[in-house]
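**Student:** Here the protein sequences come in this chain order: A and B.
Each residue of the first sequence is one higher than the one before, counting from 279 in our numbering.
Each residue of the second sequence is one higher than the one before, counting from 54 in our numbering.
The set of hints was computed from the structure by calculation and includes no laboratory data.
Quick caveat: nothing in here was measured; it's all calculated off a predicted structure.
Wrong hints could be hidden among the right ones.
[As the list claims (entries may be wrong)] No farther apart than 20 Å at their CA atoms in a straight line, the calculated lysine to any residue pairs in the SDA-like style are these: (1) A:K482 <-> A:V347; (2) B:K75 <-> B:L111; (3) A:K615 <-> A:I522; (4) A:K285 <-> B:D83; (5) A:K293 <-> B:R196; (6) B:K217 <-> B:D83; (7) A:K285 <-> B:L151; (8) A:K285 <-> B:K75.
[Unchecked claim] Sample of chain B residues lacking proximity to chain A, with all beta carbon distances greater than 12 Å (derived): (9) N64; (10) E72; (11) I104; (12) S105; (13) T114; (14) H131; (15) K133; (16) D183; (17) D184; (18) A230; (19) E242; (20) D257; (21) P290.
[Claimed, not checked] Some residues of chain B that are not near chain A, with every Cβ distance over 12 Å (derived): (22) T102; (23) D246; (24) Y261.
From the three backbone atoms N, C-alpha and C, an ideal C-beta is built for every residue, glycine too.
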Amino acid sequence: MLTIAVKMLLGDRAKYLGLIFGVTFATLLMAQQVSIFVGLLSRTASAVYSVQEADIWVMDQRVQYVEEVEPMRDIELTNVRSVPGIAWAVPFYKGVSTIRMPDGKTQQVQLLGVDDVSLIGGCTKMILGDPRAIQKPQSAIMDVNGFTFTWPGKELELGRVMELNDSRLVLSGICDSNPTFLTFPIIYTSYNTALELTPPTRKKLPFILVKAQEGIAPEDLTKRITEETGLQALTQEEFAWRSINYILTRTGIPINFGITIMLGIIIGAAITAQTFYIFVVENLKQFGAMKAIGVTNGQLLKMVLTQAGIVGVTGYGLGVGLTAFFFTSMEDNPAFKGFVLHWQVVGGTAVVITFIILFSILFSLRKVFKLDPAIVFRG
Amino acid sequence: MTYAARIQHLNKEFPVGDESIKVLHDITADIRMGELTMLVGPSGCGKTTLISIITGILSTTSGDIDLLGHDLIAMKDHKKVVFRRENLGFIFQQYNLLPALTAAENAAMPLLAAGVPNKDALQKARIILDDIGMKGQTEKPPRQLSGGQQQRVAIARALVHNPKLIVCDEPTAALDAKTGQAVMEILREIANDQNRAVLIVTHDNRIYKYADRILEMSDGRIIGDFKPQDFINKEQPS
Ligand SMILES: Nc1ncnc2c1ncn2[C@@H]1O[C@H](COP(=O)(O)OP(=O)(O)OP(=O)(O)O)[C@@H](O)[C@H]1O
Ligand SMILES: [Mg+2]
Chain A
279 MLTIAVKMLL
289 GDRAKYLGLI
299 FGVTFATLLM
309 AQQVSIFVGL
319 LSRTASAVYS
329 VQEADIWVMD
339 QRVQYVEEVE
349 PMRDIELTNV
359 RSVPGIAWAV
369 PFYKGVSTIR
379 MPDGKTQQVQ
389 LLGVDDVSLI
399 GGCTKMILGD
409 PRAIQKPQSA
419 IMDVNGFTFT
429 WPGKELELGR
439 VMELNDSRLV
449 LSGICDSNPT
459 FLTFPIIYTS
469 YNTALELTPP
479 TRKKLPFILV
489 KAQEGIAPED
499 LTKRITEETG
509 LQALTQEEFA
519 WRSINYILTR
529 TGIPINFGIT
539 IMLGIIIGAA
549 ITAQTFYIFV
559 VENLKQFGAM
569 KAIGVTNGQL
579 LKMVLTQAGI
589 VGVTGYGLGV
599 GLTAFFFTSM
609 EDNPAFKGFV
619 LHWQVVGGTA
629 VVITFIILFS
639 ILFSLRKVFK
649 LDPAIVFRG
Chain B
54 MTYAARIQHL
64 NKEFPVGDES
74 IKVLHDITAD
84 IRMGELTMLV
94 GPSGCGKTTL
104 ISIITGILST
114 TSGDIDLLGH
124 DLIAMKDHKK
134 VVFRRENLGF
144 IFQQYNLLPA
154 LTAAENAAMP
164 LLAAGVPNKD
174 ALQKARIILD
184 DIGMKGQTEK
194 PPRQLSGGQQ
204 QRVAIARALV
214 HNPKLIVCDE
224 PTAALDAKTG
234 QAVMEILREI
244 ANDQNRAVLI
254 VTHDNRIYKY
264 ADRILEMSDG
274 RIIGDFKPQD
284 FINKEQPS
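Isolated chain B, as found in the complex (with noise of 0.2 Å):
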């Protein structure tokens, strides 16, 4: 078993005035390859805040992490930002696509910011577009696609670059159950059968069964690690 994210006791501290409010507390928790990690919790529990700091996006007030076996915390920022472009991969709850550019475009976007020829990039993304369902849209501008096309879209540009890490924060949230349902599916196959670590940040207990292991956060701290139906039947005891 190896390990995308080894993360031990960080805590995470936000200023606010002259105080300063303390939002993650002392959390150790492994994300593993191969696996569909889940983060759940209420909201203000710190889910976002978490992620955020696995992919150096935020700093840590306290802690150790190791990202895809490199020193998190002793990386300097403008290394974390070439890291990030290309390790990890995003999926945003807002899909935050590009209005102007095509969703080939705009699914290859990670390759275009490494500076990989135009040609080859769009080919690329054309290619993850076809294979998660959007054969014949991939020259649309994002507003002639529905939500979920717009979310694949989202999903090839965190694919596009073969990251070893997929974070995603809330990725069906705008999506009705049976599109949510098919972004899943996609999702859960990018960790199992091409062996790459999902962290997925969700609320949505009808995505709950896709996980492989769900983690439980409740005021800055992890509370639980669940298999998914352990976790199902002691959210819904019937």
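The following block holds chain A by itself, in its conformation from the complex (with noise of 0.2 Å):
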């Protein structure tokens, strides 16, 4: 019988297309729509976790997520200094700016600007060049994502001028690192360079980075330098997730994916569940002339359940590998780094996948269930 399942449901060929496209959009904009959300979240966190030595983040109270700057002013970098606890408070400078070519084409990019000593928060993976390189001054690494979004098709290559807010800077070094939410180029210079570089106004220190020493716990560490400071201080870990959980509540970003992850599944289930109640009310009378032979309404379930199995493992295997294709085929594309197609999403998608089917095939059930087998001697 469920041979002949199978071979009812190929049988109808535009309907079997029919039923494989609906499932197969629904997991297609399901999984690509949930791995590129799950993406911009990492990357949000990756922000702050790139940045591996600083135990503590510390900054203005109104801060809400790693993107928003709120300068402090230069002396609480010496009062978080003095805080007891500590072993070593570093400035971090973080901030977006406009380079301008010799040739005059402009360019906005991220400007980080890291302590000229430690070089705490600077690029560790160096592709060209020292990192040590931009403690000389108008000096600059680039990373690599963003040189070749700056200079399409140029060979990687260090010495390129550019100039921002009408200082010289000079490539001195291209590095890998971790995309961040914001897509622009990212462009290292030491903490003084960035000052010097950017205009001159009371308070131009975003953030300092804490480690705390040996034996003390950064939790209570953040506590005591918000106390003696008056300054926000968070775990790395809390302004990760403060960082998410900013972008989960306080930004359009969840429900314009929720809406398009949603409409996926309603237009999914509405193409599947109309095609497959189309299917049976068409082939009602064959429905009914099985019962009548005797065919009983559990066979009548396993067949649909059957031709649904098919429909659900060929669409969401189309879907799936669709959205894997996708995702490799924008590897090389800096927009796209670091989206990748998780196993929890491919797993969530089945689970969304395999409701939406048995939601299809519900109403489609209960009409053969209820069909009374004496509908076929009737004309």
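Dock chain to chain to rebuild the complex, using the hints, since each chain is given by itself in its own frame.
**Tutor:** Laid out in structure tokens, this is it:
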């Protein structure tokens, strides 16, 4: 009987393709959108985690997530350094600027200024040059994705010249860095160079990176820092999660993704349910004949489940395949760097698709179960 | 003489809104093995309702039915389904073949439903199809077959599991005269030579001559039990 179920399904080519399309569509939209969303969140966290050495981030009380900058007065660095229990505390500049090429083209960049001596928060995975290169004045390191974005098709090379707020800056290193929420090229300079490059204002210090002394819990130290300085101090973990939570609760991003994903689910479910229903209604007389002949409801259930299973597995497989293909083909695109198809997403999509399919066959099954085999005798 | 079905004082009412309409009135009749019995009568007199009840597809309002030695009234619904699968063959006016399946697969349906392995079921179906003039057509889907050929597939489906009672509702209504005759030849042979009971509901006076016995219905009652020639003479006095 299951062979018959398969033949019935495949026999109606148009509806079969319609069903597959519905499921593939829902799978693709869900898997792809969820992956991108997860990728965005992990990028947000990665801006925090990529400064591995820092246990604690200190910032203005108003800062809600890692991409927000509310500069503090320079004196705060001294204040923080005087809190007992601190191994070291270094300034960390983070801001968005515009660079200008010799040919006049401009380009927005993320400017990161790291402590001149310790280089904490700077790049670690150098591709060209030395991380200490930024200790020289007017020197900058750029991330490799930023380089290929700024100079497409050009060999990686040092010595390129750019201008940032009318000051000359020479490219003295290229590094690999984790992609962040903002997709602009990243330019690393020393903290002092960053201050020189940006307009002089009273407050210029965005973050202070802190390491706790051996044996002191960062959680306790954050409280002490806040008590003594009035600043906001968060452990690495807290700041990463706070940043993610900010994206989740304070921006329209989850809603946008949610709407797309819901649309995928609803449209996919509607197409599948409706096509299945039409398939059953068109074959109602045949189902009635089978019931009259002596095919039980249990057997019909197995048949419909087999058909649904085939549609589900095929459509889901295609959908996940297309999603994987999408991410693979985007691998070299910096905008999608770090976006991968997590197995959790693959599994979660499978669960949702199963529900969509069960929902789809619900009405059809009801129709078949309630079907009075006496209809076969009616003209 | 053995009986395929014995019906006693059968009544059937259909609920229509708050009322109910009585469609069968105190029907008492026998269907015998080895005979082709025809059930005839004007449209709406209750023929389809009666065969639906005899085959356990519809329930009765009151009365007794002995079907192939079993008390049909006492039988549970799910038992009836299995009982039909094992003991009854059906031929419908619309052939109700599955378009995606071949002739042989359609004909094998009752065996497949009973759990017979695909290969055995198909082989059995092919033998029967060959027997009733479908040699070379067994692997075609219904849409490549003529109406008469499709009805033969339906006949094969009704016979493949060796049922003792075969019930047909207007089996020739959609066929031309010649094809209808050929189908009736097959059905009579099944009844007479293989000692099964064939019960046919029909309007088609061209096929009355194939009956061993004709039961006439009118307005929910059986009003006569005829030899075919007597019935033909009565209908068309020449
Ligand atoms: N499910 C039902 N509910 C209500 N009335 C019904 C139902 N089924 C049949 N009837 C009525 O019962 C009567 C007998 O119907 P039935 O189909 O048995 O007649 P028939 O002799 O087979 O007619 P035909 O020759 O047109 O097929 C008709 O008046 C019909 O309207
Ligand atoms: Mg009828």
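**Student:** Now look at each hint and say whether the structure bears it out.
**Tutor:** Going through the hints against the structure:
1. A:K482 <-> A:V347: Within the cut-off at roughly 10 Å; holds.
2. B:K75 <-> B:L111: 14 Å, holds
3. A:K615 <-> A:I522: With a Cα-Cα distance of about 18 Å, the restraint between A:K615 and A:I522 holds, given a limit of 20 Å.
4. A:K285 <-> B:D83: Violated. A:K285 to B:D83 sits at ~41 Å, over the 20 Å cutoff.
5. A:K293 <-> B:R196: 18 Å, holds
6. B:K217 <-> B:D83: Distance ~15 Å between B:K217 and B:D83 Cα, so the pair holds.
7. A:K285 <-> B:L151: 10 Å, holds
8. A:K285 <-> B:K75: 43 Å, violated
9. N64: About 17 Å separates B:N64 from the closest Cβ of chain A, which puts it past 12 Å; holds.
10. E72: 20 Å, holds
11. I104: 7 Å, violated
12. S105: The assertion about B:S105 is violated, with a minimum of 5 Å to chain A.
13. T114: 15 Å, holds
14. H131: Violated, since 7 Å does not exceed 12 Å.
15. K133: 9 Å, violated
16. D183: The claim stands: B:D183 keeps its Cβ more than 12 Å from every Cβ of chain A (closest is about 21 Å).
17. D184: 20 Å, holds
18. A230: 20 Å, holds
19. E242: Nearest chain A Cβ is 22 Å from B:E242, so the label holds.
20. D257: For B:D257, whose nearest Cβ neighbour in chain A is about 14 Å away, the distance exceeds 12 Å, so it holds.
21. P290: B:P290 is indeed farther than 12 Å from all Cβ atoms of chain A, at 30 Å.
22. T102: 9 Å, violated
23. D246: 24 Å, holds
24. Y261: 21 Å, holds
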